[in-house]
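Protein chains: 2
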Amino acid sequence: MKIILDGMGGDNAPFEIVKGATLAASEMKHKIIIVGDENKINAELAKHKYDKGQITVRHAADIITNDDAPVRAVRTKTESSMVIGINMIKNGEGDLFISAGNSGALMAGGLFILGRIQGIDRPAMASIYPILGDKASLLVDAGANAECKPVNLLEFGTMGSIYMEKVLDRKSPTVGLVNIGAEETKGTTVVKAAFELLEKSDLNFIGNVEARDIPKGRAEVIVCDGFVGNVILKLTEGLAWNIFKLLKSKFTDGAKAKIGALLLSDKLVEIKNEFDYSEYGGAPILGVKGAIVKMHGSSNAKSVKNTILKGIPYVENNVVQIIQNSVVEIEEILISE
Amino acid sequence: MKIILDGMGGDNAPFEIVKGATLAASEMKHKIIIVGDENKINAELAKHKYDKGQITVRHAADIITNDDAPVRAVRTKTESSMVIGINMIKNGEGDLFISAGNSGALMAGGLFILGRIQGIDRPAMASIYPILGDKASLLVDAGANAECKPVNLLEFGTMGSIYMEKVLDRKSPTVGLVNIGAEETKGTTVVKAAFELLEKSDLNFIGNVEARDIPKGRAEVIVCDGFVGNVILKLTEGLAWNIFKLLKSKFTDGAKAKIGALLLSDKLVEIKNEFDYSEYGGAPILGVKGAIVKMHGSSNAKSVKNTILKGIPYVENNVVQIIQNSVVEIEEILISE
Numbered sequence: 067m068k069i070i071l072d073g074m075g076g077d078n079a080p081f082e083i084v085k086g087a088t089l090a091a092s093e094m095k096h097k098i099i100i101v102g103d104e105n106k107i108n109a110e111l112a113k114h115k116y117d118k119g120q121i122t123v124r125h126a127a128d129i130i131t132n133d134d135a136p137v138r139a140v141r142t143k144t145e146s147s148m149v150i151g152i153n154m155i156k157n158g159e160g161d162l163f164i165s166a167g168n169s170g171a172l173m174a175g176g177l178f179i180l181g182r183i184q185g186i187d188r189p190a191m192a193s194i195y196p197i198l199g200d201k202a203s204l205l206v207d208a209g210a211n212a213e214c215k216p217v218n219l220l221e222f223g224t225m226g227s228i229y230m231e232k233v234l235d236r237k238s239p240t241v242g243l244v245n246i247g248a249e250e251t252k253g254t255t256v257v258k259a260a261f262e263l264l265e266k267s268d269l270n271f272i273g274n275v276e277a278r279d280i281p282k283g284r285a286e287v288i289v290c291d292g293f294v295g296n297v298i299l300k301l302t303e304g305l306a307w308n309i310f311k312l313l314k315s316k317f318t319d320g321a322k323a324k325i326g327a328l329l330l331s332d333k334l335v336e337i338k339n340e341f342d343y344s345e346y347g348g349a350p351i352l353g354v355k356g357a358i359v360k361m362h363g364s365s366n367a368k369s370v371k372n373t374i375l376k377g378i379p380y381v382e383n384n385v386v387q388i389i390q391n392s393v394v395e396i397e398e399i400l401i402s403e
Numbered sequence: 067m068k069i070i071l072d073g074m075g076g077d078n079a080p081f082e083i084v085k086g087a088t089l090a091a092s093e094m095k096h097k098i099i100i101v102g103d104e105n106k107i108n109a110e111l112a113k114h115k116y117d118k119g120q121i122t123v124r125h126a127a128d129i130i131t132n133d134d135a136p137v138r139a140v141r142t143k144t145e146s147s148m149v150i151g152i153n154m155i156k157n158g159e160g161d162l163f164i165s166a167g168n169s170g171a172l173m174a175g176g177l178f179i180l181g182r183i184q185g186i187d188r189p190a191m192a193s194i195y196p197i198l199g200d201k202a203s204l205l206v207d208a209g210a211n212a213e214c215k216p217v218n219l220l221e222f223g224t225m226g227s228i229y230m231e232k233v234l235d236r237k238s239p240t241v242g243l244v245n246i247g248a249e250e251t252k253g254t255t256v257v258k259a260a261f262e263l264l265e266k267s268d269l270n271f272i273g274n275v276e277a278r279d280i281p282k283g284r285a286e287v288i289v290c291d292g293f294v295g296n297v298i299l300k301l302t303e304g305l306a307w308n309i310f311k312l313l314k315s316k317f318t319d320g321a322k323a324k325i326g327a328l329l330l331s332d333k334l335v336e337i338k339n340e341f342d343y344s345e346y347g348g349a350p351i352l353g354v355k356g357a358i359v360k361m362h363g364s365s366n367a368k369s370v371k372n373t374i375l376k377g378i379p380y381v382e383n384n385v386v387q388i389i390q391n392s393v394v395e396i397e398e399i400l401i402s403e
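Protein sequence lines, in the order shown, are assigned to chains A and B. Going by my numbering, the first residue of the first sequence is number 67, and it counts up by one from there. Going by my numbering, the first residue of the second sequence is number 67, and it counts up by one from there.
Errors might be hidden in some of the hints.
Same chains, same label: a pair holds when it works inside one copy or across any pair of copies.
Simulated pairs of lysine-lysine, BS3-like, Cα-Cα distance not exceeding 27 Å [said to hold, decoys possible]:
#: 1; residue 1: Lys252; residue 2: Lys118
#: 2; residue 1: Lys368; residue 2: Lys316
#: 3; residue 1: Lys368; residue 2: Lys95
#: 4; residue 1: Lys156; residue 2: Lys232
#: 5; residue 1: Lys215; residue 2: Lys300
#: 6; residue 1: Lys322; residue 2: Lys338
Treat the hints as calculated values from the structure; they're not laboratory data.
Please model the complete structure; the sequences and the hints are all you need to start from.
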């Protein structure tokens with residue numbers, strides 16, 4: 067297998083990206099091709115020990131930044147590391163593309179360069195959702211599709227379920243539909259119709275899930291439109307950040323508190339680590355004809371390593387092909403409507 | 067002023083409700099009429115010292131529970147404490163109705179018994195959103211309107227802004243539109259159109275607010291549809307609950323941790339208190355022809371007291387009338403479209 071890594075995407079590119087690649091390489095046999103500014107990437111590679119037959123560099127003269135408009139960037143920056151990397155997947159030069167760069171551009175690149183899997187109306191970005199003290203859930207859609215039709219939510223549930231089963235090794239993962247009440251009659255017209263479709267499916271659909279139950283891990287696959295998904299992910303991030311800021315200010319306020327915090331220091335590290343869910347890998351773009359995974363923009367070497375390693379079953383277990391095969395089931399449900 | 071209190075709504079009725087009423091009465095001159103099962107309420111009242119001229123009881127034979135379907139309950143349970151209480155507002159027997167009961171029924175009661183303010187298309191439930199280490203924001207809509215038109219979001223911003231100014235004493239409160247990016251071009255068709263309307267208004271509109279900035283207090287009035295609002299409120303509740311559960315388990319794990327937690331016990335209480343935002347009062351139903359306030363179902367006596375006291379400026383500062391007057395401005399913006 068060949069893994070194509072965007073050497074230029076994210077806040078810590080290329081140094082953490084390159085370091086992460088060398089860490090991953092030491093734990094697996096697969097090849098890694100890092101795409102990006104040759105000089106910069108080679109300079110970073112020179113800092114690490116690695117097998118030169120396992121990690122190679124492919125030059126890319128341009129970069130898509132987070133300020134770039136996604137569609138325009140993909141159309142015009144043809145020499146960017148991201149566009150070159152996705153084209154390598156299309157041309158069979160690689161099996162998995164990983165980037166910490168512009169999410170919108172990555173989605174647009176998947177759509178325009180690889181194309182949708184036939185029968186999937188809307189590809190989605192799926193994001194790991196941290197469940198404290200427990201395993202992570204998968205949230206689909208994480209922001210790619212602000213407006214959805216009912217069938218899109220069925221697609222999200224189907225694709226997310228396949229990913230959880232094949233990549234994160236969950237048997238028959240529970241699928242929940244984000245709604246404003248547990249009752250079937252709650253929610254918008256779209257959500258109510260999606261409920262009916264999901265109920266007809268072979269998925270392990272557990273019905274509506276209220277937002278308060280999401281952090282408790284009630285559903286392993288959390289289905290919602292991209293607007294709601296984005297709100298869920300960003301609110302979680304913002305609220306956790308705010309709570310930790312408050313803890314820090316309270317726990318350093320006065321000598322007694324400082325001693326208490328010192329005694330709890332290992333526990334506080336453990337708590338912080340609960341929010342590090344990089345062990346579960348990155349955010350896959352589901353529904354395009356190839357394996358693309360988004361890493362968080364602030365990914366460090368450890369996250370990069372984990373995303374690469376977790377990408378292996380994504381390819382080896384043929385997730386893209388299995389999603390392709392699932393289209394028939396989705397179409398059967400739609401016809402029975 | 068006469069405050070009508072639903073004696074039977076919520077998890078702790080009637081004991082915490084009645085106790086809260088006596089606490090509030092001792093801090094103000096206004097009259098309170100508690101509506102509900104006469105025997106039960108009088109039995110609770112007998113446990114407290116209070117001015118019998120200030121607190122009186124109005125019998126109601128029935129109760130609307132949280133399991134009741136809202137519209138049906140309001141239509142059929144005419145002898146319930148909630149329906150009798152709202153009718154008392156309609157008939158001028160009281161100025162403010164407060165209940166910890168079924169939110170949907172309270173909204174339905176406001177709509178069917180009091181009616182919409184003419185020109186307001188969709189009344190909303192506004193909920194206080196806790197900002198840690200700072201003042202609270204107001205979130206409109208908190209769940210009453212799952213599907214909205216752009217004008218509804220303009221109404222929510224306008225009514226929320228008036229409430230914040232007149233009841234919580236914020237001068238020219240900032241109004242933010244929940245969206246999946248800061249740029250004007252982001253979001254759904256409805257949100258994009260709402261952005262344009264809000265920008266034309268006289269509100270202190272600060273543009274789109276991403277969910278990660280909500281807990282940081284970026285906007286004093288947070289505008290969104292009721293689906294997203296419900297997700298924001300319930301996710302906040304669920305995530306905070308989960309983080310505190312994790313803290314508790316970590317801080318009681320081993321002798322060293324327990325001593326540390328003991329030294330931090332006053333700080334931990336302070337942190338917990340940050341989430342008690344009952345000092346800001348309950349959740350007003352904005353846009354109906356009368357003042358109705360929802361309290362959290364689990365309200366204790368202190369919350370009941372605070373909700374009553376914070377209800378005074380809601381009535382004294384003529385918020386309902388000011389919302390009525392604001393309709394002209396909303397209509398001017400719509401005509402200029």
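Hints, verified against the model:
1. Lys252 with Lys118: Neither: 57 Å inside a chain and 44 Å across chains, both beyond 27 Å.
2. Lys368 with Lys316: between (30 Å within a copy, 25 Å between copies)
3. Lys368 with Lys95: within (18 Å within a copy, 64 Å between copies)
4. Lys156 with Lys232: within (22 Å within a copy, 60 Å between copies)
5. Lys215 with Lys300: both (23 Å within a copy, 24 Å between copies)
6. Lys322 with Lys338: both (22 Å within a copy, 19 Å between copies)
Checked against the numbered hints given earlier, this structure breaks only hint 1.
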